[in-house]
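A.B. asks: Let chain H serve as the given structure and place chain X on it in line with the hints.
2 protein chains.
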Amino acid sequence: MEAFKNTSSPKVMTIADLGCSSGPNTLVAVSDAIDAVESVCKELNQKSLPEIHIMLNDLPSNDFNGLIGSFEDFKRSHPCFISVAPGSFYGRLFPTQTIHFCPLFHMPPLAFSGSSGAPKTGLNKGNVSISKTSPPFVLEAYTKQFERDFSQFLKCRAEELIHDGCMVFTLVARKDEDPSVEGIYLHWELLAQALMDMASQGIVETEKIDSFNLPFYAPTSKEVKNAIKREGSFAIKSIRMFDVGWGEARDHACEHCKVEENATTAQITVKSMRAGSESLFVSHFGAEIMDELFERYSSLMEGYFSMYPDGGLTNICAFVQKIK
Amino acid sequence: MEAFKNTSSPKVMTIADLGCSSGPNTLVAVSDAIDAVESVCKELNQKSLPEIHIMLNDLPSNDFNGLIGSFEDFKRSHPCFISVAPGSFYGRLFPTQTIHFCPLFHMPPLAFSGSSGAPKTGLNKGNVSISKTSPPFVLEAYTKQFERDFSQFLKCRAEELIHDGCMVFTLVARKDEDPSVEGIYLHWELLAQALMDMASQGIVETEKIDSFNLPFYAPTSKEVKNAIKREGSFAIKSIRMFDVGWGEARDHACEHCKVEENATTAQITVKSMRAGSESLFVSHFGAEIMDELFERYSSLMEGYFSMYPDGGLTNICAFVQKIK
Numbered sequence: 018m019e020a021f022k023n024t025s026s027p028k029v030m031t032i033a034d035l036g037c038s039s040g041p042n043t044l045v046a047v048s049d050a051i052d053a054v055e056s057v058c059k060e061l062n063q064k065s066l067p068e069i070h071i072m073l074n075d076l077p078s079n080d081f082n083g084l085i086g087s088f089e090d091f092k093r094s095h096p097c098f099i100s101v102a103p104g105s106f107y108g109r110l111f112p113t114q115t116i117h118f119c120p121l122f123h124m125p126p127l128a129f130s131g132s133s134g135a136p137k138t139g140l141n142k143g144n145v146s147i148s149k150t151s152p153p154f155v156l157e158a159y160t161k162q163f164e165r166d167f168s169q170f171l172k173c174r175a176e177e178l179i180h181d182g183c184m185v186f187t188l189v190a191r192k193d194e195d196p197s198v199e200g201i202y203l204h205w206e207l208l209a210q211a212l213m214d215m216a217s218q219g220i221v222e223t224e225k226i227d228s229f230n231l232p233f234y235a236p237t238s239k240e241v242k243n244a245i246k247r248e249g250s251f252a253i254k255s256i257r258m259f260d261v262g263w264g265e266a267r268d269h270a271c272e273h274c275k276v277e278e279n280a281t282t283a284q285i286t287v288k289s290m291r292a293g294s295e296s297l298f299v300s301h302f303g304a305e306i307m308d309e310l311f312e313r314y315s316s317l318m319e320g321y322f323s324m325y326p327d328g329g330l331t332n333i334c335a336f337v338q339k340i341k
Numbered sequence: 018m019e020a021f022k023n024t025s026s027p028k029v030m031t032i033a034d035l036g037c038s039s040g041p042n043t044l045v046a047v048s049d050a051i052d053a054v055e056s057v058c059k060e061l062n063q064k065s066l067p068e069i070h071i072m073l074n075d076l077p078s079n080d081f082n083g084l085i086g087s088f089e090d091f092k093r094s095h096p097c098f099i100s101v102a103p104g105s106f107y108g109r110l111f112p113t114q115t116i117h118f119c120p121l122f123h124m125p126p127l128a129f130s131g132s133s134g135a136p137k138t139g140l141n142k143g144n145v146s147i148s149k150t151s152p153p154f155v156l157e158a159y160t161k162q163f164e165r166d167f168s169q170f171l172k173c174r175a176e177e178l179i180h181d182g183c184m185v186f187t188l189v190a191r192k193d194e195d196p197s198v199e200g201i202y203l204h205w206e207l208l209a210q211a212l213m214d215m216a217s218q219g220i221v222e223t224e225k226i227d228s229f230n231l232p233f234y235a236p237t238s239k240e241v242k243n244a245i246k247r248e249g250s251f252a253i254k255s256i257r258m259f260d261v262g263w264g265e266a267r268d269h270a271c272e273h274c275k276v277e278e279n280a281t282t283a284q285i286t287v288k289s290m291r292a293g294s295e296s297l298f299v300s301h302f303g304a305e306i307m308d309e310l311f312e313r314y315s316s317l318m319e320g321y322f323s324m325y326p327d328g329g330l331t332n333i334c335a336f337v338q339k340i341k
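Which chain is which? The protein sequence lines are H and X, in order.
Using the working numbering, read the first sequence as starting at 18 and increasing by one per residue.
Using the working numbering, read the second sequence as starting at 18 and increasing by one per residue.
Next comes chain H alone, as it looks inside the complex:
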């Protein structure tokens, strides 16, 4: 809402939905954005609504054909123009100063850009991310990469947004400075354990595990704030942290994959994680072990959620406005 009030009433309002995915929820999010523009216009007693141009972005590998097939129906109930702008949001996606509002509704755990993402391989033995057995420089390497990539993300959006343009993004975060004690890092630790169990039975080579690090990072609220301040293009209008409960996890999983009606939290979490990261594991470990890996992982996650029923994820939602 606030995002629209802050931009001077334009004739055309361009909204760039980053990481739109291709599930049924993609256009629900767009619909929310359109409704918000309409209600603000009413509130401000504006006679005519701006034309709304939705630019949907995701990686070129996204299934855009499926998404495009649903545009005509959607436009009948929501008058707007919809285009698709494929590409990585760590690079420029739109011409300079052409975007009014940029929501990133479901940012996955921050994926590092390019192959340089994860720390040097072979030095984080038995882990696939930061864990309590990781040497200190692993956290340091991940943090540095986060700062570099997140800053690049902000810089690109600042170039694309109009003066006063706004951005809202939600990302998987952590509450504690020490990443090894909670949430997403414990999930990844269990994934490493599933792999190590398979290694102990000769199904996977230990060296393969040692040389693999997930290109994901879950920052603290302080890290996000500092990164935004350091980059300098945006003022933070609000930032809040919240736990993602069962319902949200299900909604998110439903976007990426079919989830059975009576699925457990563990099953939903694993399905969602598999949909989002399987290609990374396949290219490193081979497709043939995927079913077994994720079955073992699912069992470990069942145990985890029986001990920590609230052991879901933490998210940060930030609303920022361009200041220069």
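Warning: the hint list may mix true and false statements.
Identical copies carry no separate label here, and so any pair may be met within one copy or between two of them.
With a cut-off of at most 27 Å between alpha-carbon atoms, the simulated BS3-like pairs for lysine-lysine come out as follows [unchecked claim]:
| # | residue 1 | residue 2 |
| --- | --- | --- |
| 1 | Lys172 | Lys28 |
| 2 | Lys288 | Lys172 |
| 3 | Lys64 | Lys172 |
| 4 | Lys161 | Lys59 |
| 5 | Lys92 | Lys192 |
| 6 | Lys161 | Lys254 |
| 7 | Lys192 | Lys59 |
| 8 | Lys59 | Lys92 |
| 9 | Lys172 | Lys92 |
Note that these hints are calculated values from the structure, not bench results.
C.D. replies: Same frame as chain H, but now just chain X:
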């Protein structure tokens, strides 16, 4: 070239490529447009090139995934932003006054919008388009529909183009007032003959043929000029008619379908036509007769081209500029 000189030097130049298709030639056309902008900027001694935003349009049924997969490579050699805007160009595709230049490189024989396109069924017996045995009102109905649809096309583009914005389009046309004597209409007459031959052998019902009319129209140069003047949004900067030779026919066919190295003109023409219109025939006559229909059509076309080696198509290329 002229199109770029006529628009005041903007920071961002948005080029809407209508009917982009998904073949290898799609980005060749875009590349030509980018080169043209660059050479004009050099000619005008402009210090900095504008950012170029390419909006690729085609019907939602187009294979956009395939096209999108080639963007990254293309952008490496041609710095630009590329988006995809699916939809019918008989309706609005882009927000008001946001497009600088609108090329329509390969307009197919003008396809009527919606199902109301072709004349009332059952009154054009033994034909699938205008032919010498068609009653006069058939030409009249086709002409009216062309005027309505083409005017709608121009109106939408006029709303989308900036002041002074330009459009170039090429469409299949006819030289003679009487459509039954040349080019594309003779091609369609032979298609009707292939269907009637099948009807005489009981493979197709005659009523099915009588109730089918192709939603295509090939206007004369005069009709195009009059339609542009009547609609009123554009000034004609140039308009010319030209015959499409063997090379162009091959190029065009290559965009839509694989063509063998030693294919005859007839084979290429039929393949291209089949790719562009088969879905219309399938929904009316059923998929099962398609192979036989187009084989018979191909034989008739071989005969046609042996009699008229230059019996290709006529095109109109018009360059227009928005005047209000």
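A.B. asks: With reference to the structure, classify each hint as holding or not holding.
C.D. replies: Hint check results:
{"no.": "1", "hint": "Lys172 / Lys28", "verdict": "both (26 Å within a copy, 19 Å between copies)"}
{"no.": "2", "hint": "Lys288 / Lys172", "verdict": "neither (33 Å within a copy, 49 Å between copies)"}
{"no.": "3", "hint": "Lys64 / Lys172", "verdict": "between (35 Å within a copy, 24 Å between copies)"}
{"no.": "4", "hint": "Lys161 / Lys59", "verdict": "neither (45 Å within a copy, 42 Å between copies)"}
{"no.": "5", "hint": "Lys92 / Lys192", "verdict": "neither (40 Å within a copy, 40 Å between copies)"}
{"no.": "6", "hint": "Lys161 / Lys254", "verdict": "within (25 Å within a copy, 57 Å between copies)"}
{"no.": "7", "hint": "Lys192 / Lys59", "verdict": "neither (39 Å within a copy, 55 Å between copies)"}
{"no.": "8", "hint": "Lys59 / Lys92", "verdict": "within (21 Å within a copy, 41 Å between copies)"}
{"no.": "9", "hint": "Lys172 / Lys92", "verdict": "between (32 Å within a copy, 20 Å between copies)"}
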